[in-house]
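*Asks:* Quick mapping for you: the protein sequence lines, in order, are chains D and U. Numbering (the numbering used here) for the first sequence: 1 to 375. Numbering (the numbering used here) for the second sequence: 376 to 756.
Bear in mind the hints are in silico, worked out from the structure with no lab data behind them. All values reported here derive from a predicted model rather than from experimental measurement. Possibly wrong hints are sitting among the right ones.
[What the hints assert, rightly or not] Where chain U lies over chain D, by a calculated footprint (3+ residues, C-beta under 8 Å):
| id | region |
| --- | --- |
| 1 | 67-77 |
| 2 | 165-173 |
| 3 | 326-337 |
[As the list claims (entries may be wrong)] Looking from chain U toward chain D, a few residues come up when the C-beta cut is under 7 Å (computed):
| id | residue |
| --- | --- |
| 4 | Ile381 |
| 5 | Glu403 |
| 6 | Leu493 |
| 7 | Leu495 |
| 8 | Ser497 |
| 9 | Arg506 |
| 10 | Leu508 |
| 11 | Gly563 |
| 12 | Ile566 |
| 13 | Phe567 |
| 14 | Ala738 |
Note that CB positions come from ideal geometry on N, CA and C, so glycine has one too.
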Amino acid sequence: MALTTLWDVAYFLASALLTLVGRVIPPLAAPLSNGDVIWGLSALVFGAILLAASMINTIMLIWFERKMLGRFMDRRGAMHVGYAGLLQNFADGLKLFRKNTFKPREADELGFYAGPIAYMVTSLLMFGVLPISTGWSDGSLPLSMLLALVIFSFAPLFIFISAWSSNNKYSLMGGMRSAAQMIAYEVPILLAVVAVVLVSGSFDLNTIVAEQQNYWFWGPLVLAMVVFAIGMLAEMERIPFDLPEAEAELVEGWNTEYGGMLFAFFMLADYLRALAGSFLIVLLFLGGWTLPTYVPSALTTFPLAGIFWFLVKTYAVFGVFVWIRAALPRVRTDQLLRIGWMRMIPLSLAAVVLAAALVLVKCLPVFGCIPSMGG
Amino acid sequence: MSEMWINMGPQHPMTHGLWNLRVRIDGERILDVDPEMGYLHRGIEKISEDRHYNEVITLMDRTCYVAGIAWEHLYVQAAEKALGIAPTERSDWIRMMSEEFQRLASHIMWYAAFVQDLGLMSPFLYGMRDRDLILDLFQSYTGGRLTYEYMRVGGVRNDVPEGFTHRAREVLDWLEPRFVEYDRLCMGSDIFRRRCDDLGVLKANDCVRLGVTGPMLRSAGSKRDLRKDRPYSRYSQVEFDVATADSADVTGRYLVRMEEMRQSVRILRQVLDWLDSHPGPVLADHLPRWLGAPYAPIGREAYLLKRNYPKGVGLSAIEEPHGEACAYVVNEGGEHPYRVKFRSPVFANLSAAHHYLVGYHVADIPPIMGSVDVCVGEVDR
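For reference, chain U alone in the conformation it holds in the complex:
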């Protein structure tokens, strides 16, 4: 067979979203790849410029559909810095808890999709089953399972309901033995190791050079984790370890995510203990009225708004389940942000595809791309 280009995507089982991986192959060997993104562009950054600060949160859920609340967290932090508002302490802990639950849900979703790409059918359903429990928890305190619209500038919308921490602990108790099961199905399988070892290798210095972050970077042995390196929220007050691996391959990324799930459970237990013993308000006092519901200031009020409210910029970076996400919010006065800009970790991870795909086989594309954990919503925004 001579060389040919094939289009894996935009509608292809491997893509897990809407993007196109053009691959030049010779038989089964990959000679060149060319990722094409942009099929899911919704102009979220531009739309944000025409929204009240709290209305942008709705868009954040749509940015990454498997880690919505993490993106809400990212945005509200930047917006708070831009507006000079501080969240209440309890709401900050609740946010951290939400982010960790989201990390668990996202990683379990990743696990399910990843093993499905390898042809392992049952763990896919095990993963979906266990993720559902976390979504149930989300539903019990945010009302949403996929798009939460829960965080607010200055806090969160509501406190967790009574008995929530108990239920959450039950879920964690259920999840922990499941991770052992997951591991047994994958690391215990010789075929899995044969498929994944020494596959899609991307060394740490290449990761840094290409802007690749998150589990991909940590699987290359780097201990980079924004939760530790630049603690935001209350991450400096909880104990956890940064999961790393040395192999820089698909197996390494698998191990890193698995360990991260265990660490998330560890963090969550501490957060739940804190929430039990520290009641308090979850929304800051004296918030400007125009942050919230659609509200059109008129006359003198609008003038005062434009004139008196402090201007500023806010930059926040969080360790999102896929990697390091960054948000930049410019407040030029007024009820809308002047400019909102996001850095998507997956965009950088995907753009480096050439460096970890070329030279492997066509059959290696699903596990490698699966190990990247693509979420196209945030790539295209």
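Here chain D stands alone, though its shape is the one from the complex:
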């Protein structure tokens, strides 16, 4: 059996496991070889692989950011736990895990605990939808991009719930800012995505990447990419748009009252969203796991080459975000909203019109001739 897709791998692992259990405990062999049982366990294994992959990537992303920020700041970043600090974040996570989780007396219990958990879970859900290589998801989701963006936009709701229920003025203000900001930047993001859909003719991320075999979309859709990237920056709440957690005035923003594991959930979910945002940029504009055809085939045919190149691109995109973080101050709330509603939305509308015009005059294949854009 050729293990070409992630589902195949999960199915293979699940059936091997069940066969093993059947050998050891013969009476269980018959019920365990039932197709539904194998399918159910493969689904679990599939999910576990996705979870592990996204978690490890997220933690490595944090390490990457710390090291890169360190270099920007003329220092070395985490150095002491593991080689070059590779295990520092695991140590930090373990520390937070061991900490006591406490709740302010006046806080609303349900919202206080449910908020971070729901935020974390919805952030993780993204990775069930985003493919990082051919065969990663089974391709049965024709609207996968739309689904990804829907899940992405859950966040302000949960942030606001946890901010409001922690019964703290700073949290509330941070939550309000966060909700306002995310809603303001949702619109340009969706409009920028419309431009991609116009050019690719599909809502399916696999198809969108396949359409970029000839030219990556950042060429024709450079305006849409800029809008999308800036919008993503705001959605991720990173500097210069990290107002909801502006620590100078709002202490820690909407997670002021959180500590221990609940805080770790917020932190992790933030970086999960950052990872998902970088994934989306790579998928929509930078050709996903494909490389231009003129690169030597040795670079694209080694095992897991697709995943490798996809991650390289993802970390490069995230690296730009880190660079921005190292170089820019944060803007003010009213300025942020003004940029969102008065600059980004017209720009994204222009991007849509531009994309439609490109499709109409059928000049898109031209971009395939420009070497730097793939093709």
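Keeping the supplied structure of chain D fixed, place chain U upon it in accordance with the hints.
*Replies:* Leaving out everything else, chain U in the frame of chain D:
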């Protein structure tokens, strides 16, 4: 959201110290502010009354923890006037050099904290990195990096070590290009200008009315600088310009401090040249024994002390990195000062908070308060 009071402090990232800014807000807009100080009061003025003249210097380092040596300078000048002692010439130049290095260190520290409040992360570390070089210099001739205990009534404790001026020049050579970098990260950034322009405006006449001094006053276009207006130490013998700006806002204060750092470098180069060519004693001769180490006069000696030593008062005012600081020392005879009183520039600058905060946004509080350069140690004393 209806109006509410929030307490920014005493434990809050914006405060840079231990004080409380109560803010009444409507949404993001500031309606009223009420600065509360006093959380760091240590009774330095009262403690001074029970110390020998030179022992008070230890307290001066604790008065302002980012500009310790400037406060030492302030105090020793007042004490010398009260006691009728004159410092040696070389020690006076060394004091001036120390004050200018301290101004550089303090302004760099201010820059680091200020940009950090704006969310700019890297310059914070650049600032700390460069300030460290100045602290290394301090360490090489005072032994301390934060609390120096270096100046003495009648001079300074010791001369600068051999090769010091060379090292100091190297540091200055390193610092000057850094100021260009700092500027590029701030004035070159559109977001920075959007955050800081026309923010926290306090016009010159309001500054004078409220007793606001230092870079805040100069950013409003006033050329008031005690180093020029009432030259103390040897400031009349060095060339420098008073940095001013016209905008009276946060950007103006930023520009004034940046220019002051450049002027400090200019002063320091002249001072280092002077120190190279003028060796000499750094502590005056024939100082009374009881100025220094703990020393309890007994019997006839104590009587003579109380009877013969001249009484007097001493007033000194210096342009401290934060503004105009003033010290008043009363000598009623005897080995302890009778009364020591300080005027803290930051106390006045902070007290005027209502006039430059109301009407702006909550998000504007960190840059505005950052531009004030709060040092709570000297506010509460």
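*Asks:* Please go over all the hints and tell whether each is borne out by the structure.
*Replies:* Outcome of the hint check:
1. 67-77: Satisfied; 5 residues make the cut.
2. 165-173: Contact hint for the region 165-173 of chain D vs chain U: holds, 4 residues under 8 Å.
3. 326-337: holds (count 10)
4. Ile381: Nearest chain D Cβ about 5 Å off; hint holds.
5. Glu403: This interface hint holds because 6 Å falls under the 7 Å limit.
6. Leu493: holds (4 Å)
7. Leu495: It holds, given that the least Cβ distance between U:Leu495 and chain D is near 4 Å, below 7 Å.
8. Ser497: holds (5 Å)
9. Arg506: Where the cut-off is 7 Å and the nearest Cβ of chain D is about 13 Å from U:Arg506, the hint is violated.
10. Leu508: violated (13 Å)
11. Gly563: violated (10 Å)
12. Ile566: holds (5 Å)
13. Phe567: Check passed: Cβ of U:Phe567 comes within 5 Å of chain D, closer than 7 Å.
14. Ala738: holds (5 Å)
When the structure is compared with the earlier hints, violations turn up for hints 9, 10 and 11 and for no others.
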